[in-house]
Amino acid sequence: MALSEQQIERYSRHIILDQVGGIGQEKLLASKVLIVGAGGLGAPAALYLAATGVGTLGLIDDDNVDLTNLQRQVIHHTPDVGTPKVDSAKAKIAAINPDVRVKTYPLRATAANLAAIVRQYDFVIDGTDNFGSKFLINDACWFERKPYSHAGILRFHGQLITVLPGESACYRCIFHEPPPPSAVPSCSQAGVLGVLAGVIGSLQATEAIKYLLGLGDLLTNRLLTYDALTMDFRAVKLNRNPDCALCGPDAAITELADERPPACDLKGQL
Amino acid sequence: MKLIINGEEVSIKDGLNVNQLLVEHNVKMPEMVSVELNGQILRRHVYETTQLNEGDKVEFLYFMGGGGGAE
Chain Y
1 MALSEQQIER YSRHIILDQV GGIGQEKLLA SKVLIVGAGG LGAPAALYLA ATGVGTLGLI
61 DDDNVDLTNL QRQVIHHTPD VGTPKVDSAK AKIAAINPDV RVKTYPLRAT AANLAAIVRQ
121 YDFVIDGTDN FGSKFLINDA CWFERKPYSH AGILRFHGQL ITVLPGESAC YRCIFHEPPP
181 PSAVPSCSQA GVLGVLAGVI GSLQATEAIK YLLGLGDLLT NRLLTYDALT MDFRAVKLNR
241 NPDCALCGPD AAITELADER PPACDLKGQL
Chain V
1 MKLIINGEEV SIKDGLNVNQ LLVEHNVKMP EMVSVELNGQ ILRRHVYETT QLNEGDKVEF
61 LYFMGGGGGA E
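First to last, the sequence lines map onto chains Y and V.
Counting along the first sequence from 1, when you hit position 4 you're at 4 in the working numbering, and nothing is skipped either side.
Counting along the second sequence from 1, when you hit position 28 you're at 28 in the working numbering, and nothing is skipped either side.
Isolated chain V (complex conformation):
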């Protein structure tokens, strides 16, 4: 099926849930990513039970903690 991931069309296996998509899409640190599906931010506990469908718009939003301070 085709999904729009971060604005780009991506072909991906049918029937994946959000957790499987994170693996399939090589998201290396899923704990640093928030997932938005069709405009709604998902809570982590629904990743497993949320199936993706043809044409879904997915955004991986990355935690970015730096501010250029001392760190």
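Only chain Y is shown next, with the shape it has when bound in the complex:
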């Protein structure tokens, strides 16, 4: 697919980079990235991937825009309150870059639907806000052997890691299984500095672009943690876990399943 005059102009700052060039830009335009969750992390990721000229973006989200989202979900604007997030996001992407085809999935990712969607993409971005979805994305990407970027944000902290299934440590290598729900503070309970989503979601987009172009070193086998208050970035080195229930040699998880919340722990309630 040859670039048009307009595209050469639009992407000139990419094309001038030796590591990208016209060939790289054509590669990006032929690439497909799936963003699960059109919220805090998904918003900057989608905006930058759209501006970058990633040719196909998939957006999964079953939620509507809420007033409390606008403090950090920069793809949604005040008049969008009440509309489906995937529609709001699609409109902004179209306004930024008509080269980008957007496929919207106004649904919640589950074990029944996610693998078939993931299969159609080159790279997946986890922009979800709950552990069930985070484990589900990790597992779906393992079974479909798709590279993906995990991230999480809370209060003044963020973290991310890129997973190349079968080659690098996966989310389950580190965290095994979701924590007990009673222990989980969510953003609504704990709060989150809005700009954290922009920092971490933009890093996820960076990883997607690097993967698509085969550039540099991906954030594999390293969990990057970010503390906005101290402005410390730390990359914690990790290895694949031989005991991993998903990607280890004796894996117990052999098919995609939804994470059920663990049985109620009555300790402390009696």
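If you're looking for bench data, these hints aren't it; they were derived computationally from the structure.
Keep in mind that the hints are not guaranteed to be accurate.
[To be verified] Pairs of lysine to aspartate or glutamate residues, derived as DMTMM-like cross-links and limited to a Cα-Cα distance of at most 25 Å, are as follows:
hint : chain 1 : residue 1 : chain 2 : residue 2
1    : V       : Lys57     : Y       : Asp232
2    : Y       : Lys237    : V       : Glu48
3    : V       : Lys2      : V       : Asp14
[As the list claims (entries may be wrong)] Derived, one-sided and incomplete: chain Y residues facing chain V with beta-carbon distance under 8 Å:
hint : residue
4    : Asn130
5    : Lys134
6    : Gly152
7    : Gln159
8    : Ser168
9    : Ile174
10   : Pro180
11   : Val184
12   : Val192
13   : Asp217
14   : Asn239
Note that the Cβ used here is the ideal one computed from N, Cα and C, for glycine as well.
Take the given structure of chain Y and dock chain V to it, following the hints.
For chain V alone, coordinates are given in the frame of chain Y:
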């Protein structure tokens, strides 16, 4: 003994196991933490029987579930 915890040198009582270290280091919600010892992630059931030694590198990796969605 001295340990390197999350990249910083920390002096701590000798002879602790991983569970005791979580308490000693004031980790408030241990169920939200995964522990890496010298590059290997530990399963929870070995915390009690895993003794720490001088110079060990320990990383407390925190579960972070937020994504800035609706929550």
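Hints, one by one, checked against the model:
1. Of the pairs offered as hints, the one joining V:Lys57 and Y:Asp232 holds, with about 19 Å between alpha carbons and a cut-off of 25 Å not exceeded.
2. Taking the CA atoms of Y:Lys237 and V:Glu48, the gap is near 24 Å; set against the 25 Å cutoff, the hint holds.
3. This hinted pair checks out: V:Lys2 and V:Asp14 have alpha carbons roughly 9 Å apart, not beyond 25 Å.
4. Of the supplied interface hints, the one on Y:Asn130 holds, with its beta-carbon coming within about 6 Å of a beta-carbon of chain V, less than 8 Å.
5. Evaluation of the Y:Lys134 hint against chain V yields a held restraint, the C-beta minimum of about 7 Å falling below 8 Å.
6. Interface restraint check for Y:Gly152: the shortest CB-CB distance to chain V comes to about 3 Å, inside 8 Å, so the restraint holds.
7. Annotation: interface hint on Y:Gln159 holds; nearest CB of chain V at approximately 5 Å, less than 8 Å.
8. With its C-beta approaching chain V no nearer than about 13 Å, Y:Ser168 sits outside the 8 Å limit, and its interface hint is violated.
9. For Y:Ile174, the interface hint holds, the least distance from its beta-carbon to any beta-carbon of chain V being 5 Å, beneath 8 Å.
10. The restraint placing Y:Pro180 at the interface with chain V holds, with a minimum CB-CB distance near 6 Å, inside the 8 Å limit.
11. Among the interface hints, the one on Y:Val184 holds; its C-beta lies about 6 Å from the nearest C-beta in chain V, closer than the 8 Å criterion.
12. With 8 Å as the threshold, the beta carbon of Y:Val192 comes within range of chain V, its nearest partner Cβ sitting at about 6 Å, so the hint holds.
13. Taking 8 Å as the C-beta contact cut-off toward chain V, the hint placing Y:Asp217 at the interface is violated, the least distance being around 18 Å.
14. The interface hint given for Y:Asn239 holds, since its Cβ lies 6 Å from the closest Cβ of chain V, which is under the 8 Å cut-off.
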